[in-house]
Amino acid sequence: MITDEVCRSVAEYGISHGADFVEIFGEHTVQHGVSLVNNETKNLIYTEICGVGIRVISGGKVSYAYTNSISEDSLYKMIRNMVENVFIGESDIKYGKPTNELCNLNEFCELSNKDRLNIISEISRPMISYSPKIRMAGIEYFDSNQDIVICNSEGVLKRDRRYRTRCTIKSVASDKGETHSCVKTIGKSDDFNYWNSLDLNNVGRSVAETSINMLGANNCPSGVFPVVISNGFGGVLIHEACGHSLESNSIVRNCSEYTESLGNIIASNTVTLIDDGTINGAWGSMKFDDEGYDTQKTVLIKKGVLNSYMTDRIGAIKLGHHRTGNARRENYTFMPTSRMTNTYIDSCNEDESELFSEITEGLYVANVGGGSVNTLSGEFNFSVAEGYWIKNGIVQYPIKGATLIGKGKEVLMNIEKVGKDVSLGQGMCIAKSGKIPVSVGQPSIRIKEMIVGGIGKRS
Amino acid sequence: MQEEFIQQFLTLCRKKKIEYVRILIEECEELKFELLDRNANNIVVANIIGIGVIINHLGKMGYAYTEDFSNPRYLLKKVLDNLIISKESIDDFDGCHVVYSQERRFVPLIDCSFEKKVEMANDLSDRVIEYSSGKAEVLSTSYSSKRKKIHFIDTRGKDIQHIYDTGYLYVHISYKHEEKKYSGLAYITCNQIIDIDKCAKDAITKACRCINAISPKTGLYNALINNDVMAKILQRIVPIFMGDKIDMGLSLIKEYDEKIILSSKLSIIDDPNILNNSLEYDEEGVKTRKKYIIKNGRLETILNNKNLSKKYKTYATGNGFYNGSSVGVAGVNIYIKEGEKSYDELMLYSPNKIIIYDISGLKSGIDISSGKFSLPAKGIVFDKGEIMNVEQFTISGNIFDLLNSIIAIGDDLHWGVPNKTNYGSPSILFSNLMITGTK
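Taken in order, these protein sequences are the chains called A and B.
Going by our numbering, the first sequence wraps up at 462, each residue one higher than the last.
Going by our numbering, the second sequence wraps up at 459, each residue one higher than the last.
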């Protein structure tokens, strides 16, 4: 790992040769992965990522170079090339005052491959034995120990150790020519002890159970219906519908439907949306972001009114907005940009049962799949992994093949009831600065109407 | 530095009496930039090297990857920790002596100067403004390319080198019409002829297609799916025909020798000898060859690697490629064979139809284990002489049903964004595709 002295002297070299700002991001990450399919080990993975990324800003022009040749000579050569090639001119960027902080590294609980296999076997066993209709029970385990150093020409020098662990559990059930798959992901910014706190048998069994239950599901009817979305990972809706559009990277580029909308009503007054990178142990949490700025709890939407964007350094400066500690990157091969951390709709007062009342016919989304969004138009989509049909206020039977599509602005205004059972789900978000861990979350919510895609007929 | 590290690692392996060692040296060069005030900005330049090691020891296989070349002893410890507790082992490269270096080809989009790349990006931005008569705003114009050199050596003197190129020039625009903004994006890939004019016009056309778009009526439509959209769909459905997915129960095909019959008009081919990434050997040293996955509607080949071919007593198809941790299965250049009809002729087949020119949600919207798909799309409806731009709808059904309902295939083969595997398709006209809108 690059030393403090080298970090400082590379930054100083850049500044003394005309750069306005220099930032060094050093990383040494160790990742382990294990996958199990039908109780048979398929892969044991060991990956060591090690390198340095240097960002230079000069005259408003940004350049970034990265390498895993991290000798002092090599880094000097790199910074020399960068300052020689950037356009040296007047900068319109005004940087803040220097800060200097060195975080303590946490001790973490290291585990062996045997420990890892024990965890996933405990999840897998009840899946296989749940029913002969389970065609495939697959578990992918992953843990990562990322040591980072962030140093910049304003005097920031911070080190951190980020430990993350995660399992993706997939069950494929088949019967009479019909097949259904169910996927669940659980994870935490924590060490091995996290797994001791879970009932792993129950985790595996519930995934198998869902895939079996969905086998007899009817095809989802299509049309416009009221939709109730369950808590936790259901929050991917808000992640896609407006989260990406509130990242300063979209706003600065004029690629967001919420440009120049601070203070405007953009959602129903039931909606308070929060991004909080400080939640202890949450999947998207960090002490400080990937520019070394402390993470924080940011109220993005307060009772329907747009209150804040999520910013990185450049976004904050260009927008004249405060920094929110949302600069993120997958690893040293990416330049940081504004991204979400743990983003969720805050709880309200409705009991879950209240959400279903008055619905003559509608969709209950118990579990959602992935989705995507066009931040300019606000169009988003996501698939329904586990859904049930609601009739006369009661959840009646499982449905399959449903997709929800809509426009962010419309769906935000249509959130008419918000429950109090807020929880977070864990996902991986892929965007400009790579694949990063994020939490999505919400209490159960009711949306007045949404377009539901499916191939079934209304009964 | 990495040469010394490799030699030290091999020496340690010899001392431990490890039967077989294969080293994978992966070198990646990257260049990216975006335009700002006609100059390159957010420039990313990189060159990194990573080393993967694969060993066979006591009948088991172990794998590890590192970018830190300071401690070969620790890497060996980790790869020994990772010896799979299963029957899997890795085979020697095929043939008595494989030494193969891929022929380097000139790729115009990548092998030109930095200044030329910036000039092309500016040209693209200028033409968008010109062709839209100033109604379009360029949100971003960016260039990205990656050249990956993969080099395998093993303890039996075998040596294979591959080069993979991926690169594109991309423009994202916002088109203003009656106070509303519509976005459009288009790109030129390193597999295509550089046609700046066409790319600029494509971006504008895509944005304009969204003007006054409405949600269509729900129902069954004859659907003409454009070639670029079909290439994306093909990429998501090809794993159905991959041996590793079938073996793990993740494919719609349940048995390795299942008889599948689709539309007789359909042929899907993997041809390793076209485009920029022509390969003579796969990453297990098996000679590659052109093969039909589907030929005239019948399943002809399941793509596999050496382990799978042994398990299912068949031949290795030359599709063993590293997936980051072990030898998985992948194609090289997979495409749907062109038909004889021009796009205009496909348009004439059916007066009432929908053209699908954009889809999204591919990652979660197609389930290859059940074959079900439900994808948000954008298109144009032709209904009794009326033409409407449509959005806010999904296309849905079952993949095999879709591939059984082909009316005609176009002659306009198009390759998607290049990667280690390239995917291509012509435009295809389907019957009775389920469209779900709001009406």
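Hints in this document: simulated from the structure, not taken from any laboratory.
All C-beta atoms, glycine included, are put in the ideal place defined by N, C-alpha and C.
Some hints could be false.
Now the in silico label distances, taken between C-beta atoms and shown as ranges [claimed, not checked]:
no.	chain 1	residue 1	chain 2	residue 2	range
1	B	K274	A	I433	29 to 35 Å
2	A	N257	B	N232	50 to 56 Å
3	B	Y276	A	M4	32 to 38 Å
4	B	C228	A	E364	33 to 39 Å
Verification of the supplied hints:
| no. | hint | verdict |
| --- | --- | --- |
| 1 | B/K274 / A/I433: 29 to 35 Å | holds, 31 Å |
| 2 | A/N257 / B/N232: 50 to 56 Å | violated, 22 Å |
| 3 | B/Y276 / A/M4: 32 to 38 Å | violated, 47 Å |
| 4 | B/C228 / A/E364: 33 to 39 Å | holds, 37 Å |
Of the numbered hints listed earlier, those contradicted by the structure are 2, 3.
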